[in-house]
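Same order as they appear, the protein sequences are chains Z and H.
Just so you know, we're using this note's numbering here: the first sequence kicks off at 1 and counts up by one.
Just so you know, we're using this note's numbering here: the second sequence kicks off at 335 and counts up by one.
Think of the hints as simulated: they come from the structure by calculation, not from any bench.
Values in this document were obtained by computation on a predicted structure and should not be read as measured data.
Just to be clear, a hint being listed does not mean it is correct.
Heads up, incomplete: computed chain H residues facing chain Z, CB under 8 Å, no partners named [as the list claims (entries may be wrong)]:
id, residue
1, 372
2, 373
3, 377
4, 417
5, 454
6, 477
7, 539
Quick reminder that beta carbons are idealized off the backbone N, C-alpha and C, glycines included.
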Amino acid sequence: MESQPPEERSQQRSKGLPQVLVMKPPPLLTLFEDKFISSKFQLLKAWESTLPLDQFLTTYAGSVRAVLCSGATPITPRIIRLLPSLQLVVTDSAGVNHIDLNECRRRGIAVTNAAGVFSDDAADAAVGLLIDVLRKISVADRFVRHGLWPAKGDYPLGFKLGGKRVGIVGLGSIGSAVAKRLEAFGCTVLYNSRKPKPWVPYPFYSNVHELAADSDVLIVCCGLTAETRHMINRRVMVALGKQGIIINVARGAIIDEKEMVECLAHGEIGGAGLDVFENEPNVPKQLLELDNVVLSPHRAVFTPEGFMAACDLVVANLEAFFQDKPLLSPLIHE
Amino acid sequence: MDSIGVLMACPMNSYLEQQLDKRFKLFRFWTVPDKSSFLNSNKDSIQAVAGNATAGADAELIEALPKLEIVANFSVGLDKIDLAKCKEKGIRVTNTPDVLTEDVADLAIGLMLAVLRKLCESDRYVRSGKWKKGDYMLTTKFTGKKVGIIGLGRIGMAIAKRAEAFSCPISYYSRNEKPEINYKYYPSVVELAAYCDILVVACPLTKETHHIVNRDVINALGPKGVLINIGRGPHVEEPELVSALFEHRLGGAGLDVFENEPYVPEELFGLDNVVLLPHVGSGTVETREAMADLVIGNLEAHFQKKPLLTPVV
Numbered sequence: 001m002e003s004q005p006p007e008e009r010s011q012q013r014s015k016g017l018p019q020v021l022v023m024k025p026p027p028l029l030t031l032f033e034d035k036f037i038s039s040k041f042q043l044l045k046a047w048e049s050t051l052p053l054d055q056f057l058t059t060y061a062g063s064v065r066a067v068l069c070s071g072a073t074p075i076t077p078r079i080i081r082l083l084p085s086l087q088l089v090v091t092d093s094a095g096v097n098h099i100d101l102n103e104c105r106r107r108g109i110a111v112t113n114a115a116g117v118f119s120d121d122a123a124d125a126a127v128g129l130l131i132d133v134l135r136k137i138s139v140a141d142r143f144v145r146h147g148l149w150p151a152k153g154d155y156p157l158g159f160k161l162g163g164k165r166v167g168i169v170g171l172g173s174i175g176s177a178v179a180k181r182l183e184a185f186g187c188t189v190l191y192n193s194r195k196p197k198p199w200v201p202y203p204f205y206s207n208v209h210e211l212a213a214d215s216d217v218l219i220v221c222c223g224l225t226a227e228t229r230h231m232i233n234r235r236v237m238v239a240l241g242k243q244g245i246i247i248n249v250a251r252g253a254i255i256d257e258k259e260m261v262e263c264l265a266h267g268e269i270g271g272a273g274l275d276v277f278e279n280e281p282n283v284p285k286q287l288l289e290l291d292n293v294v295l296s297p298h299r300a301v302f303t304p305e306g307f308m309a310a311c312d313l314v315v316a317n318l319e320a321f322f323q324d325k326p327l328l329s330p331l332i333h334e
Numbered sequence: 335m336d337s338i339g340v341l342m343a344c345p346m347n348s349y350l351e352q353q354l355d356k357r358f359k360l361f362r363f364w365t366v367p368d369k370s371s372f373l374n375s376n377k378d379s380i381q382a383v384a385g386n387a388t389a390g391a392d393a394e395l396i397e398a399l400p401k402l403e404i405v406a407n408f409s410v411g412l413d414k415i416d417l418a419k420c421k422e423k424g425i426r427v428t429n430t431p432d433v434l435t436e437d438v439a440d441l442a443i444g445l446m447l448a449v450l451r452k453l454c455e456s457d458r459y460v461r462s463g464k465w466k467k468g469d470y471m472l473t474t475k476f477t478g479k480k481v482g483i484i485g486l487g488r489i490g491m492a493i494a495k496r497a498e499a500f501s502c503p504i505s506y507y508s509r510n511e512k513p514e515i516n517y518k519y520y521p522s523v524v525e526l527a528a529y530c531d532i533l534v535v536a537c538p539l540t541k542e543t544h545h546i547v548n549r550d551v552i553n554a555l556g557p558k559g560v561l562i563n564i565g566r567g568p569h570v571e572e573p574e575l576v577s578a579l580f581e582h583r584l585g586g587a588g589l590d591v592f593e594n595e596p597y598v599p600e601e602l603f604g605l606d607n608v609v610l611l612p613h614v615g616s617g618t619v620e621t622r623e624a625m626a627d628l629v630i631g632n633l634e635a636h637f638q639k640k641p642l643l644t645p646v647v
């Protein structure tokens with residue numbers, strides 16, 4: 001069986017089960033392959049073929065109605081054009097910046113994401129990074145491990161979290177979870193969002209610059225789109241101020257990274273907690289030398305529990321689709 | 335009041351030191367080469383002692399200062415003060431409650447997040463350049479974990495309030511059950527440890543609570559359990575803690591305090607499931623200033639014969 005080319009294997013497999021195209025295995029599939037064995041669909045694994053992708057799609061994916069993707073396999077207009085029967089794109093992430101939403105909308109292709117399942121973990125990481133930066137947890141831990149406490153005496157003081165004005169950029173599922181947590185620490189929550197949310201008890205700011213001017217901390221929780229790319233620019237950071245802290249658990253490109261590095265190096269802002277970067281896994285060298293930043297390798301949202309929940313949601317969406325039932329987490333185009 | 339002698343037990347805060355120097359006659363105990371001869375020469379001038387978590391006023395010091403009227407503590411913990419002796423001699427004692435509650439509670443949660451989500455390790459991973467070679471491991475979810483608190487006083491309650499925002503079910507051990515509180519009570523620390531995922535020490539250090547976290551408690555907490563200590567080092571049997579971590583009988587630990595500060599067991603330095611902090615629980619600019627103001631305020635109130643701000647004895 002293993003010596004057969006995958007194309008033939010897939011034809012011989014349980015006939016009648018609709019196929020879900022996967023171009024490259026997303027992390028979820030690698031971790032939880034068993035969960036993707038379903039009675040409602042089977043996977044069409046493009047990466048197992050020796051054919052170049054375009055040719056594979058033209059030859060074998062003509063009747064494919066659904067594709068499972070992740071950040072590493074963007075759904076571009078070109079890919080969409082090669083899938084004439086495509087009706088559903090399922091991504092394993094909360095972010096959808098790797099999917100051409102306009103083209104999907106034009107073709108009537110539904111999109112589901114892993115909304116909500118990572119929100120708690122993302123919010124926990126954002127709060128953890130903020131406390132770490134303010135109270136110097138990672139740098140003090142380094143201080144102790146290097147044997148410096150007996151030699152150098154008491155560690156320099158950090159800053160109090162309680163009473164800080166925290167500006168949340170993007171009050172979606174993750175932003176709301178962050179707000180709920182920080183309220184318990186006595187923080188004042190403010191936010192910026194595409195549109196105001198009148199049912200929310202926090203003051204709304206119509207642009208990020210005004211939010212920054214009125215905040216001590218900015219926490220980036222929004223999606224990456226053409227509008228939000230480099231939205232946190234030098235002007236915003238200077239408005240945040242010399243004691244200001246930026247926490248980013250969203251996407252690196254929302255912040256103008258080059259400007260941020262300059263601002264940190266020159267004391268224009270007080271510190272940063274970053275889980276994401278513009279060119280992962282590359283991190284600007286100057287950041288590695290600063291003690292007022294805490295760095296995380298795009299792992300802040302990843303826990304086994306979060307991944308399992310995402311997996312269940314992805315499979316549930318696919319099964320619902322093939323049974324003509326309502327999708328569980330469709331992206332609503334606003 | 336600059337004829338009133340105040341003995342500062344050890345360096346604790348430069349703002350406090352400056353203020354005491356300005357308002358009183360300040361004696362810096364740590365700069366004295368021969369402590370007993372110093373005390374002998376100055377015993378009639380010293381009417382107050384300013385102590386903290388490192389050094390306070392034990393029986394020996396109290397006996398050496400016949401004119402001592404008040405011990406003003408730059409800490410909320412009183413374990414470095416011989417309270418019985420103070421009561422016996424009519425010496426007043428004050429501490430710094432409330433102003434540091436939030437910072438200590440914030441740090442407890444910060445430690446929980448740092449240990450479970452491996453924030454310090456991840457930071458090291460990035461700084462060492464390892465991320466370019468491969469992704470970091472998955473870490474453990476914090477939301478929803480069961481948090482068990484030893485001591486439900488001001489700090490314990492503040493920790494509970496914060497953990498609840500992360501949907502953590504709260505349970506506690508206390509000398510007495512508090513029926514007005516909606517958290518689950520356990521009559522012993524071992525039972526609390528067996529039930530919870532994260533055990534936090536938040537009680538005062540007394541004879542009864544010395545080594546309250548011992549081998550049995552650590553074993554009950556277990557290979558997936560995490561211990562957080564923001565109380566005092568002697569609350570935990572430190573050698574037992576170290577061997578439990580090495581033998582994987584305990585999942586992890588976040589420690590701000592140690593039995594013999596500033597010395598931390600070096601065996602811990604190589605572990606990736608611990609976070610080690612140099613006693614920074616109340617260590618923010620804002621809070622230390624508020625604590626210093628309380629020490630000064632209490633001293634001035636006493637010598638002006640006004641009511642003390644935060645008396646203990």
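Quick rundown of the hints versus the structure:
The restraint placing residue 372 of chain H at the interface with chain Z is violated, with a minimum CB-CB distance near 22 Å, outside the 8 Å limit. Hint status for residue 373 of chain H relative to chain Z: violated, with the closest Cβ pair at about 24 Å, above 8 Å. The criterion of a C-beta within 8 Å of any C-beta in chain Z is not met by residue 377 of chain H, whose closest approach is roughly 29 Å, and the hint is violated. Of the supplied interface hints, the one on residue 417 of chain H is violated, with its beta-carbon coming no nearer than about 26 Å to a beta-carbon of chain Z, more than 8 Å.
The beta carbon of residue 454 of chain H is positioned within 8 Å of a beta carbon in chain Z (closest approach about 5 Å), and the interface hint is therefore held. At its closest, the beta carbon of residue 477 of chain H sits 4 Å from a beta carbon of chain Z; the interface hint therefore holds under the 8 Å criterion. Interface hint status for residue 539 of chain H: violated, as the beta-carbon distance to the closest one in chain Z is roughly 20 Å, over 8 Å.
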